[in-house]
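We have chain P already, so just place chain H on it with the hints.
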Amino acid sequence: MSLLEVDKLCVEFSTRRGLLKALNQVSFELEKGEFLGMVGESGAGKSMTGNAILGLIDAPGEIASGDIRLDGKSIVDSPETIRGSRISMIFQDPLSSLNPLTTIGDQLIETIELHTNRRGAAAKQRAIELLQKIDIDADRLEAYPHQFSGGMRQRVVIALAMASEPDIIIADEPTTALDVSVQAQVLDLLRSLCQAEGTAVILITHDMGVIGNWTDRVGVMYAGSLIEIGTTEQIIQAPRHPYTQGLIASTPTMAADVSTNLYQIPGNMPPLTAIPEGCAFHPRCPKAEQQCQLSTPSLVDQVACHLWRDA
Amino acid sequence: MINMLIRRLGQSVIVLLMVALVAFIMFRFVGDPIAVMLGQEATELDREALRERLGLNNSLLVQYGSFIMRSLQGDFGISYRTGEAVSSMILDRAPATIELALFSGILATIFGIIFGVTTAINRRGVISQAIMTTSLIGVSLPTFLIGILLIWLFSVELGWLPSFGRSGAVEIGGWHTSFLSLDGFKALILPGITLGLYQMTLIMRLVRAEMLEVLGQDYIRFARARGLPMRKIYYYHALKNTLVPVITIIGLQFGSIIAFSIITESVFQWPGLGLMFINSIYYVDIPVMSAYLVLVSLVFVTINLLVDILYQLIDPRLSDAQTGAN
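Chains as they are written, first to last, in this note's numbering: chain P, 1 to 311; chain H, 312 to 637.
With the rest of the complex left out, here is chain P (with noise of 0.2 Å):
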């Protein structure tokens, strides 16, 4: 059993032009002390399924079907037993993830005292060692938000995540908004932690390179369903499918040719209100088939696509 299982996780929103399926069959594991990404271009359903793990989809959104088991127990029914205790999530911009009105020592001992036995004099001990993991000294604990730099305040917030000592962590793109040489500082301060602790991380992302250097295995999503999964090694040397496949084409790296174009693919991913019959990605596909247009290919030996059934 793995420690988090999701299991054919279908994610509906009813607006008036209609039922949009968000996630469709998204279905994958997770275990214990792992570096899962999630890639995928904007609207793809990476950070849908983070929020869906935790119970954070509002209405008009809802889960339509599948399930999602921690320790094989389902949590689906009940998010608020696990939300920030066993699995807490970092969000995309540092700089808006804390309450600009409250020192961090007042946001980490509120938290240790929300998901920890530590109160008073215990929590503020406890958030000290934190701040210390993270580098920052103790008598920062009485600053505000404003006063540190973005690096920092993401760091605050892995922080604040690891405060309840979880199983997981869900990661949405905690470095999108940072300068490249803070994003590596940050991801190897968040792998070196949860490496300590034992904590699983999902980390959700659009950067091959953050892929590459910080992940053990990847999730490749498209228009709303996982197309393809594997360990990084093999999406990166042998991606099978042509979705992904043509996103490492398009990576550029420093050994490629620079007096030629990167690789592009053509089209847009289709908005969530216009999803081709067949498989999503035919339309855009250099190898697509007649089948290709008529039937949905389901996630069987890791990858969803026509042309590897047959192989």
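It is worth saying that the hints were derived from the structure and are not from the lab.
C-beta atoms are modelled at their ideal positions from N, C-alpha and C, and glycine is treated no differently.
You can take every hint at face value.
With a straight-line Cα cutoff of 16 Å, these simulated EDC-like cross-link-like pairs (lysine to aspartate or glutamate) come out:
hint, chain 1, residue 1, chain 2, residue 2
1, P, 8, P, 29
2, H, 543, P, 113
3, H, 551, P, 106
4, H, 543, P, 106
5, P, 124, P, 139
6, P, 73, P, 7
7, H, 543, P, 80
For the chain P half of the interface with chain H, some residues (derived, Cβ under 7 Å), not all of them:
hint, residue
8, 85
9, 97
10, 99
11, 144
Covered, in the sense of this in silico footprint (three residues per stretch, anywhere, with C-beta under 8 Å from a C-beta of chain H), are these stretches of chain P:
hint, region
12, 70-84
13, 103-117
Using the frame of chain P, we list chain H on its own:
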């Protein structure tokens, strides 16, 4: 913080001096106080004596200076109408107005915030819709009509509450208070609601609009992801972030409540400053009017100063920005 305080105090003094100038000019040039005080029958000798006694023969600057000096000592002259010292008239009536304003201000703030947060959280709920619709009535009906409707319902039809006056006030150390007896408190309820209703709807609508904006912020989403209970997110994390504009309005509105309690005090015959002011307008009682003007501006300036100090206490970014700290 200290610099800000000194600067704001200086500005307040200038504002007060300007208002005092207007009050003084009104005092000196609107109508002839001598004629009003002595009437048509007085002899020229009497007029001259009074003119001398009131200092009206001195130069304007000297008169303004002595007006300021006297005002500072709490001496606003003598009422044309009653012959009483204006300062003692104000002291007599101030408690009634201050208590009424305090009561309706507190009422408006508490219910304004509760309703504002409620309607922001449950935007489409039945209760929210009902509150929003009712608040439209509160905004659009004139105060005197609300007062009269309340009197009709609670005094005439139901007979629960007195329709006018300030009965049952208890004296404590020279201050008459309505809060310490049941009768006094009952008399306070209707005028308090009448005076506070408009402010309440204003505060409520502002809190609602600010809450809706704050609830969309990332730190609220992160607070939810941290597993904090919704009650704490709404009433602590979100509400705190709406407070700067809300406190501005509450402060200004509290000034208005004191300054413009005239209508409510007239409807309920509440023996406060507003009623005194409207009566002095009928009789062109200039000293009372100018004293009232100075007093009201003092109230506004003081409240503004307090609001500025509160800003700094609520939002640490403001004081850091001023001292240039990072």
